[in-house]
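Visitor: Listed in order, the protein sequences are those of chains A and B. My numbering puts the first residue of the first sequence at -16, with every later residue one more than the last. My numbering puts the first residue of the second sequence at 206, with every later residue one more than the last.
Treat the hints loosely; a few may be bogus.
Said to hold, decoys possible - Not close to chain A: a few residues of chain B, all C-beta gaps over 12 Å, as computed:
| hint | residue |
| --- | --- |
| 1 | 262 |
| 2 | 280 |
| 3 | 283 |
| 4 | 318 |
| 5 | 329 |
| 6 | 330 |
| 7 | 335 |
| 8 | 397 |
| 9 | 416 |
To be verified - Stretch by stretch, here's where chain B covers chain A in the computed footprint (C-beta under 8 Å, at least three residues):
| hint | segment |
| --- | --- |
| 10 | 65 to 73 |
| 11 | 77 to 91 |
To be verified - From the derived model, a few chain B residues whose C-beta atoms are all more than 10 Å from chain A:
| hint | residue |
| --- | --- |
| 12 | 227 |
| 13 | 229 |
| 14 | 311 |
| 15 | 326 |
| 16 | 328 |
| 17 | 411 |
Keep in mind the hints are simulated off the structure, nothing from the lab. Since this is a predicted model, take the numbers as computed values, not measurements. For glycine and all other residues, C-beta sits at the position ideal for the given N, C-alpha and C.
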Amino acid sequence: MLDIRLRKRLENFTLELELAASPGITALFGHSGAGKSMTLACVAGLTRPDGGRITLNGSVLFDSEQSINLPPQRRAVGYVMQDYLLFPHLSVAQNIAFGLTGLSRPEKARVVEEALQRVGLAGFEQRRPHELSGGQQQRVALARALVTQPRVLLLDEPFSALDGPTRALLRRDLLRLRADLGIPALFVTHDLAEAYLLADRIAVIEAGRLLQLGPPEAVVYRPASRSVAELTGGGNFFSGQVIAQNSTETMIQVGPVRLTTPPTPVEPGSQVELSIRAERIMLIRKDAPVGLRENQVEGCIINELTDGFNHTLFFRLDEGQRLRQGGYDLEIMLPTYVYERLGVAHDKRWSATIKREAIHIFQGGDIHHGTF
Amino acid sequence: MAHVDWFPLWLSLRVSILATALVMLTGIPLAWLLARHHFPGKELLAALASLPLVLPPTVLGYYLLVMLGNQSPLGQWFNQAGIPLVFTWRGAAVAASVAAFPLLLQTARAGFESVDPRLEGVARTLGRSNFYIFWRVTLPLAMPAILAGMALTFARALGDFGATLMVAGNIPQRTQTMSIYIYDLVQANKMGQANSMVLLMTVVAVTMLVVARRLSQRALR
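Pulled out of the complex, with its shape left as it was, chain A reads as follows:
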């Protein structure tokens, strides 16, 4: 268990973070410059926080009050950085053996060979880092960190410098590794899909603060605040008033539209903020049996984008149903095959149904904790 509580003044804000990471992968997710990499540097002991306390399995790595600041050498962390930082003048074998102390020559050679086999690079012992591809360098960096049997693994955007296919391959490798890792790993990324795929927990960090910590599906589908929802790609933000609330549903009035949402403990009459996930709004098939669907709205598509896999539709509701001024009211995301089956390319007027599960009412604000 890795317990982090730290404060560090940075150029534009103060990093103020409290985070507990149990064995498994905890993704630190947020914009570049949010303080994620700085957190890793503090855990590794390469940067000294201004205050706080970091403990690993109960033993203190850093404590500003007790003036304890273990040097990196005594922290047993494995650190893999974005550009891998292999020692350019050393061979692959020498790189991996760098942290192996107290072993005889043949023992070292055996450990290196096993490590290379594990990462699929057997026979690469004598290569130099510059003779390896980015993906191979990354595997060597990982092997170099793991042979020292670290008690915590720090991965600082290990995939961001790789091309798409290599990245997909190495992500799968890391997933396999995750199964028998047995130690806490902090994984810095600004790629939500990557965090969702690899992490047991996602810590959403913005401007030096922890906004939410939870399993991937909680962070993405039940964001604690609008800031989290914005970071995790939830579009369609509205504020409304609670009309009714019972054990089966909650009714919210948003402008002229009344939305039914899953039951949420909110006070009738109070103002709430909510988000509607773009991929959970359905266009209703023209040949579907007649009948009113839940949260049905009418309108037309005024603009659209596609990345090849999905189509993002900008949907303007009819007068009398408008949720916003000007522009569009809802962002709707359709997989390309649905887009094609419905024939959206030639038909821009649609009825849509907002699945109640698509609507998420923000319950708490952002997590704020006091100074320490």
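Based on these hints, arrange chain B on the given structure of chain A.
Guide: What follows is chain B alone, placed relative to chain A:
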């Protein structure tokens, strides 16, 4: 062909080797200090260390003569230690090393600065001591630049005239280095001998320059 006096060549090589060794011993640690540490007065120190580059060599030699002369405490200390410097070949080596010092300092500092500090950081997380990391990571990576600096230092020491003349004088068979010998030959109108010595020195200088270039290009890669 007239009789060739090889003494000045051997003396020059001896002086340059000792001067280069002196510069290495003092310049490499200082270069590392300037590249890796912050302390008050750091840039002032760096500027002072570069002073020999801009001072006229005779002025530099004069300062050294005053500092190392028989009247100064430092000069007396060296005399008592049995290694008098003024008007000896060792004095010539000290003068040449001071004149050449900035060349090594600046290239070596750039060499240390070109080593990514994060490499040292990763090495520390791998559990190795700072001492081990310096010898295994920092120094080898800065080495091409240091070697290039050494080649330049050697060439500069080989060619020193003014500072050497002030400190060591011009005593044939004792402190007369190549540069000074060539001057004497020209003064005495022995142009034949002067030509061969000039050619020899040019070859040595060009060789050192090529070596230095090779090494610094390796450092850039």
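Visitor: Give a verdict on every hint.
Guide: Tested hints:
In this structure residue 262 (chain B) is separated from chain A by more than 12 Å, as the shortest Cβ-Cβ distance comes to about 38 Å. Every CB of chain A lies more than 12 Å from the CB of residue 280 (chain B), the least distance being 44 Å, so the non-interface label holds. Remark: the non-interface label on residue 283 (chain B) is consistent with the geometry, its nearest Cβ contact in chain A lying 40 Å away (cut-off 12 Å). The claim that residue 318 (chain B) is not at the interface with chain A holds, since no C-beta of that chain comes within 12 Å of its own (minimum 16 Å).
Listed as a non-interface residue, residue 329 (chain B) fails to keep its Cβ farther than 12 Å from every Cβ of chain A; the least gap is roughly 4 Å. Not every C-beta of chain A lies more than 12 Å from that of residue 330 (chain B), the closest at about 4 Å, which undercuts listing it as non-interface. Its closest Cβ contact with chain A, about 8 Å, brings residue 335 (chain B) to no more than 12 Å, contrary to its assignment away from the interface. With a closest Cβ-Cβ approach of about 49 Å to chain A, residue 397 (chain B) is found to remain outside the 12 Å limit, as its non-interface label requires.
Listed as a non-interface residue, residue 416 (chain B) keeps its Cβ farther than 12 Å from every Cβ of chain A; the least gap is roughly 20 Å. As drawn, the segment 65 to 73 of chain A meets chain B at 4 residues by the rule of a beta-carbon pair under 8 Å; at three or more, the given contact holds. Interface restraint, the segment 77 to 91 of chain A with chain B: holds (3 residues with C-beta to C-beta distance below 8 Å; minimum three). Every Cβ of chain A is farther than 10 Å from the Cβ of residue 227 (chain B); the closest lies at roughly 28 Å, confirming the non-interface assignment.
No Cβ of chain A comes within 10 Å of the Cβ of residue 229 (chain B); the nearest lies about 20 Å off, and the non-interface call holds. For residue 311 (chain B), the non-interface assignment is confirmed: its Cβ lies about 23 Å from the closest Cβ of chain A, beyond the 10 Å cut-off. A beta-carbon of chain A comes within 10 Å of the beta-carbon of residue 326 (chain B); the shortest separation is about 5 Å. Against the 10 Å criterion, residue 328 (chain B) falls within the reach of chain A, whose nearest CB is about 7 Å from its own CB.
Distance check for residue 411 (chain B) against chain A: the nearest CB is about 29 Å away, which clears 10 Å, and the non-interface claim stands.
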